[in-house]
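Hey, can you piece these two chains together into the complex? The hints should help.
Chain order of the listed sequences is C and F. Numbering follows the numbering used here, with no gaps: position 168 of the first sequence is 168. When you read off a place in the second sequence, starting at 1, and then add 200, the result is the number in the numbering used here.
Hints were generated in silico from the structure; no laboratory data involved. This list has only true hints and no planted wrong ones.
Cross-link-like lysine to any residue pairs, in silico, SDA-like; alpha carbons within 25 Å at most:
1) F:K291 <-> C:N160
2) C:K87 <-> C:V166
3) C:K134 <-> C:R98
4) C:K164 <-> F:L251
5) C:K133 <-> F:E294
6) F:K282 <-> C:E182
7) F:K270 <-> C:M186
8) C:K164 <-> C:H144
9) F:K299 <-> F:Q325
10) F:K291 <-> C:E182
11) F:K291 <-> C:D190
12) F:K279 <-> C:L124
13) F:K282 <-> C:I163
14) F:K282 <-> C:H84
Derived coverage of chain F by chain C (criterion: at least 3 residues anywhere in the stretch with Cβ under 8 Å from a Cβ of chain C; other residues may be distant):
15) 244-255
16) 260-274
17) 288-295
If you want a taste of the chain C side facing chain F, the calculated C-beta under 7 Å gives, among others:
18) L183
19) D185
20) M186
21) S192
22) V193
23) V195
Owing to the predicted nature of the structure, the values given are computational and were not obtained by experimental measurement. Here a beta-carbon is modelled for each residue, glycine too, at the ideal position from N, C-alpha and C.
Below, each chain spelled out in residue letters.
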Amino acid sequence: MSLKDKIKCFQGWLAGFTATTLLVGGIAFGIIFWGGFNWTMELTNTEQFCISCHEMEDNVYVEYQNTIHYENRTGVRATCPDCHVPKEWGHKIVRKIRASNELLHKALGSINTREKFENKRLKLAQNEWRRMKKTDSRECRNCHSFDSMDYTAQGRRAFNRHIKAVDDGQTCIDCHKGIAHELPDMHEVDASVVVGQTSK
Amino acid sequence: MKKLLLAGSVLILGLTAVVPQILAEEQVNSLRGDHALDENSTEPEMKNWQLDRDPIPRDHVKQPPLIPHKTQGYKINLKFNKCMSCHSWTKYKEAGATKISQSHFEDRENNVMANVAARRYFCTQCHVPQVDAKPLVENTFKPLPTVK
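Just chain F, same shape as in the assembly (with noise of 0.2 Å):
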């Protein structure tokens, strides 16, 4: 009888350990999406640049400010920094760009250095050009009044 028992829970155990599981797989699609493996997946649509506009204004406190123009075959590399064509102290008037922050020329023992730090010299790392998409998922942020 003490087998029985014991064979019974373990049973019981087992199960509700696997059947979630199963279930589970059930739900999930590769990344592809829920295709046969002969057929073509759909083509994902072409998002297309947003156009030239004013400065987009900033969600949150030190958001780097995003791209309001195309960025299309601007190039960053050790001999030449599109952006700084017209971000950099000596173009921003003229181009009529935003200047490029103080901060970026710092390095990372806070030393003031006197061009472009080289941590921050990969702008799109942290500055992104927008497309026509839309959120992939449901978004509720909104900024603080107080600090926006």
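One chain only, chain C, in its complex shape (with noise of 0.2 Å):
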């Protein structure tokens, strides 16, 4: 069979679908495609995924553990997605292509044993701020947002810095550093934080 045969005969496959059924059939492809897309990307937005890796279980979600985001007055729970994924789907899929480098340090066991993890933690630390700092803290602000606050019921440390910080235009990692984590050593960050010498 030639090559113009062989087109044509493709040409009349094509003919045997009507409007309608190409309609049908690309709706429900469409549906199974994206559908399927999303809840996959979804399933990859959950704790249990995660902390499915030792690294994340046993130094950033132990030490998670013990902070108000865990565990609080009124019951509410920020899982690991809630601060480090965005929301939106754009900046989420951003988010999710460039995790594909932690990828690739999980196979070369950049950080698989706690001294290398406590090695990297300034590096990582950073990391996370500057993200944060660049997005005006986004994550934070699905929940905590200037505007709804109510500084009158805030103590009075915090009822003065926040409000100093809106006429700053500060954002929230500006100050709550080390919220859900552990600090890494402060010494290259800010010497007047930690004992001992002032530079290392």
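This is the structure:
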């Protein structure tokens, strides 16, 4: 069968479909494909998925369990993706693609022991601080926004500093570092908050 | 007769030593209170942190100032000291906090260090936050008006 014949045959096969079947089939395919894609992405957006690697489960997850975002007075909990993955679809996809770098380092075993993790903690923390600063702490503000804060219900210290933060255009991460995980060795960031040598 | 007298005095001496002990034992409770062993002891009352407030005045000279705010979740370890993120010399103005005293920069040979001395690093060894607890025993201490 020559190429011409083949094309003709294909055209004949196509003509067999009516516009309606094409439309219905297309929609069905679209729903399954798009739904499946998002479903899979949401699967990777759960705490269970995050702590399926021991790097997360043994280090940051354990530390997070002692913090207010894990357990608090009113019983509201923020899990890993609530803070570390954007809610909006576009930003989420970008973050997910960037996160493929983490798969590479999982394979390389860059932080597969506590020692390796501690050695890299400063760099990893700074990456996250930078990301939050750049997005004006977008993920924090999914729950905590300046607009819905009742400053009068806050303590003396929080009251003063939050009002100043609004005026100065500060963002959450500027002050609230190390609230859900332990801080790295802060010698290089700010020597005045650590004992001992003033520079390392 | 002499033997009888000796035995008598030994008995009296012995009694004077033992009787007060028996009496005292009846008044002493264990730490869990006066409860039958198979009963639950009373649960200690929950104490709440006192809300943030202005600095609490000292009651005597060189008293480490009390902490007038919650310190829940504040960590002090070799990598970081949460207190210092407001009370250090570089931060206190911005934070509106009390500045750490210069005495905390001296080691035990009185050498002045460039940073907080190790022996003064663990703030909560001396400075303590407050809860709404009533004093366990009556206290009539009053500071001297001259050095208050």
